[in-house]
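Please arrange chain D on chain R, whose structure you already have, making use of the hints.
Here the protein sequences line up with chains R and D, keeping their order.
Read left to right, the first sequence gives residues 5 to 162 (this note's numbering).
Read left to right, the second sequence gives residues 2 to 337 (this note's numbering).
FYI, nobody ran anything at the bench for these hints, they're computed from the structure.
Check each hint, because a few of them may be wrong.
[Stated by the list, open to error] DSS-like, lysine-lysine: derived pairs with alpha carbons at most 30 Å apart:
no.	chain 1	residue 1	chain 2	residue 2
1	D	LYS285	D	LYS272
2	D	LYS49	R	LYS112
3	D	LYS186	R	LYS130
4	D	LYS37	R	LYS112
5	D	LYS219	D	LYS194
6	R	LYS112	D	LYS177
7	D	LYS124	R	LYS130
8	D	LYS115	R	LYS112
9	D	LYS186	R	LYS146
10	R	LYS130	D	LYS233
11	D	LYS272	D	LYS177
12	D	LYS49	D	LYS272
13	D	LYS272	R	LYS146
14	R	LYS146	D	LYS235
15	R	LYS146	D	LYS219
16	D	LYS285	R	LYS146
17	R	LYS97	R	LYS146
18	D	LYS312	D	LYS285
19	D	LYS235	D	LYS288
20	D	LYS120	R	LYS118
21	D	LYS120	D	LYS228
22	D	LYS219	D	LYS285
23	D	LYS274	D	LYS261
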Amino acid sequence: MSCSHSGKDKTQLQVNAIREGTVIDHIPPQNLFKVISILNLHKITTQITFGTNFDSQRMGKKALIKIEGVFFTQEEINKIALVAPSAKLNLIKNYEVVQKLPVSIPDKVSGIIKCYNPNCVTNHEKVTTLFHVVENHPIMLKCHFCEKVMTEEHFIFI
Amino acid sequence: MDKIKFIHTTILRKVYLCYAFECVKNAANSFAMNLKNRSLVSITDFSKEEQLYILSLAQDFEKNPVRNLLENRVVATLFFEPSTRTRLSFESAVSRLGGKIIGFSDVASSSMTKGETLKDTIKIVSNYCDLIVMRHYLEGAARYASEISLVPIVNAGDGANQHPTQTMLDMYSIYKTQGTLDNLKILMVGDLKYGRTVHSLLMAMSQFNTTFYFVSPKELMMPEEYKLYLEKLKLSYYEHTDLNEYIGEADIVYMTRVQKERFSDPLEYEKTKNVYILRSEMLKNTKPNMRILHPLPRVNEIDVEVDEHEKAYYFAQAQNGLYVRQAIITSILGVI
Numbered sequence: 005m006s007c008s009h010s011g012k013d014k015t016q017l018q019v020n021a022i023r024e025g026t027v028i029d030h031i032p033p034q035n036l037f038k039v040i041s042i043l044n045l046h047k048i049t050t051q052i053t054f055g056t057n058f059d060s061q062r063m064g065k066k067a068l069i070k071i072e073g074v075f076f077t078q079e080e081i082n083k084i085a086l087v088a089p090s091a092k093l094n095l096i097k098n099y100e101v102v103q104k105l106p107v108s109i110p111d112k113v114s115g116i117i118k119c120y121n122p123n124c125v126t127n128h129e130k131v132t133t134l135f136h137v138v139e140n141h142p143i144m145l146k147c148h149f150c151e152k153v154m155t156e157e158h159f160i161f162i
Numbered sequence: 002m003d004k005i006k007f008i009h010t011t012i013l014r015k016v017y018l019c020y021a022f023e024c025v026k027n028a029a030n031s032f033a034m035n036l037k038n039r040s041l042v043s044i045t046d047f048s049k050e051e052q053l054y055i056l057s058l059a060q061d062f063e064k065n066p067v068r069n070l071l072e073n074r075v076v077a078t079l080f081f082e083p084s085t086r087t088r089l090s091f092e093s094a095v096s097r098l099g100g101k102i103i104g105f106s107d108v109a110s111s112s113m114t115k116g117e118t119l120k121d122t123i124k125i126v127s128n129y130c131d132l133i134v135m136r137h138y139l140e141g142a143a144r145y146a147s148e149i150s151l152v153p154i155v156n157a158g159d160g161a162n163q164h165p166t167q168t169m170l171d172m173y174s175i176y177k178t179q180g181t182l183d184n185l186k187i188l189m190v191g192d193l194k195y196g197r198t199v200h201s202l203l204m205a206m207s208q209f210n211t212t213f214y215f216v217s218p219k220e221l222m223m224p225e226e227y228k229l230y231l232e233k234l235k236l237s238y239y240e241h242t243d244l245n246e247y248i249g250e251a252d253i254v255y256m257t258r259v260q261k262e263r264f265s266d267p268l269e270y271e272k273t274k275n276v277y278i279l280r281s282e283m284l285k286n287t288k289p290n291m292r293i294l295h296p297l298p299r300v301n302e303i304d305v306e307v308d309e310h311e312k313a314y315y316f317a318q319a320q321n322g323l324y325v326r327q328a329i330i331t332s333i334l335g336v337i
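With the rest of the complex left out, here is chain R (with noise of 0.2 Å):
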């Protein structure tokens, strides 16, 4: 499917290419959304081109994100591994792609996640939360102030 983005075989996705910005793809459809949140993606002035349920021969279907004259750091990169671990990154300049990224899981997750634990004092007071990743795969996250361990489907995004 990378092909589409060097501008060779454009038919088989059906949105357009970009000149320079980064393309974001095989996430899972069903967390697009969570994707875009993350990434404060609606707070992005340039043009967007996102499109779902796409075929793939590695996940069966995946969603994708093009995003004009937009580059991210690591950081920023790493916060969509909660919801996108299979996630590539690839970097256009002038229609291609000059560098594939793909995204890995950080140490510490901060403020963009909410703590489940109801009794625990981020939900109660202004706090920023913060998670130590305890474990990769399946992830789990252990909130820094109440220690509670969570996994995924207690995943609340802020």
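Frame of chain R; chain D shown alone:
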């Protein structure tokens, strides 16, 4: 034969223990330096060696608990949730060392009733004292406080999360009664799901090659995350719903209260509450060195008859808290 074996084992344990404590005492200066101005929120905030150092200091305080080490020092005890034993134990520890105490014992007498945030309370109080001892009903409150306070925080319980000074006094009690912390068999009974003391004690004692026995009603079994933690460390644990099952194996029987509010079905509570009562006759075939611990308060889970038994240690355990808290406070304030 059993008695001879017990005496022999006890002597060996004491020799080993003296050696282990000598080692930490030799390195005392570096531990004292390391602990100064550190908060104690979770038992894992102190390393194994630092925990042993605190226990060795507690031993010294037990020999001589009245000293003027905290002259001109002010300790704030902020109890956002009521507590009798823990607060009095801390306040007694400070008073016997010549320190002053400020604070409150009930949230109703604090500015929280006016809507003040925890952040503001801690920021203000930390201007007035050298150390804050706090108990709070929210989990994570002590960690949060430690990150905004100008002075160190000692967690005296944050919701169902941590109570590290209780854990260290439990360790000290185990050490005093068994002569060692290594290779022991600990039977935990009662509410193993919500009880913060059993979770912290499990974490602490897992550093010493402990074998654990968990006895509880099905609703209150030890959570999976703690069992996984033991499995990762390759430590053995056994589970049962019958209190008689493992009592003969144990060096320590750690009793906890089964709380009514933990049951979704009141009938189930009524059926269960009398199953986990420790009675004198159940102690007949227990090991000679076995001792019964309980973080207290007790309701009915240990029959009052047991109080007079030589294996009942829970009241002495509470007294040990005084020395352990003296050791912790003086280490953090850097006066020892």
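Checked hints:
The hinted pair formed by LYS285/D and LYS272/D meets the criterion: a straight-line CA distance of about 25 Å does not exceed 30 Å. Among the hinted pairs, LYS49/D with LYS112/R is consistent with the structure: their alpha-carbon atoms are about 25 Å apart, no more than 30 Å. The hinted pair formed by LYS186/D and LYS130/R fails the criterion: a straight-line CA distance of about 43 Å is larger than 30 Å. In summary, the hint linking LYS37/D to LYS112/R is supported, as the alpha carbons are separated by about 27 Å, within the 30 Å threshold.
Only pairs whose Cα atoms come within 30 Å are accepted, and LYS219/D paired with LYS194/D is accepted, the gap being roughly 10 Å. Annotation: proposed proximity of LYS112/R to LYS177/D is violated, straight-line Cα distance about 40 Å (limit 30 Å). Of the supplied pair hints, the one linking LYS124/D and LYS130/R holds, its CA atoms being roughly 15 Å apart against a limit of 30 Å. A C-alpha spacing of about 35 Å is found between LYS115/D and LYS112/R, which places the hinted pair above 30 Å, so the restraint is violated.
A C-alpha spacing of about 29 Å is found between LYS186/D and LYS146/R, which places the hinted pair at or below 30 Å, so the restraint holds. Simply put, LYS130/R and LYS233/D have alpha-carbon atoms about 35 Å apart, too far for the 30 Å limit, and the pair is violated. A distance of roughly 36 Å separates the Cα atoms of LYS272/D and LYS177/D; the hinted pair therefore is violated under the 30 Å criterion. Taking the CA atoms of LYS49/D and LYS272/D, the gap is about 41 Å. The hint is violated against a cut of 30 Å.
A distance of roughly 35 Å separates the Cα atoms of LYS272/D and LYS146/R; the hinted pair therefore is violated under the 30 Å criterion. Proximity of LYS146/R to LYS235/D is assessed by CA-CA distance (about 22 Å); at most 30 Å being required, the pair is judged to hold. For the proposed pair LYS146/R and LYS219/D, the alpha carbon gap of about 25 Å is at most 30 Å, so the pair holds. Note on LYS285/D and LYS146/R: the hinted pairing is violated, with a Cα-Cα distance of about 43 Å set against a maximum of 30 Å.
Proposed proximity of LYS97/R and LYS146/R is contradicted: the alpha carbons are some 39 Å apart, above 30 Å. Of the supplied pair hints, the one linking LYS312/D and LYS285/D holds, its CA atoms being roughly 11 Å apart against a limit of 30 Å. Of the pairs offered as hints, the one joining LYS235/D and LYS288/D holds, with about 25 Å between alpha carbons and a cut-off of 30 Å not exceeded. For the proposed pair LYS120/D and LYS118/R, the alpha carbon gap of about 19 Å is at most 30 Å, so the pair holds.
With a C-alpha separation of about 35 Å, the suggested pairing of LYS120/D with LYS228/D is violated against the 30 Å cut-off. Simply put, LYS219/D and LYS285/D have alpha-carbon atoms about 26 Å apart, close enough for the 30 Å limit, and the pair holds. For the hint pairing LYS274/D with LYS261/D, the CA-to-CA distance comes to about 8 Å; that is within 30 Å, so the pair holds.
Hint compliance for this structure: hints 3, 6, 8, 10, 11, 12, 13, 16, 17 and 21 are broken, all remaining hints hold.
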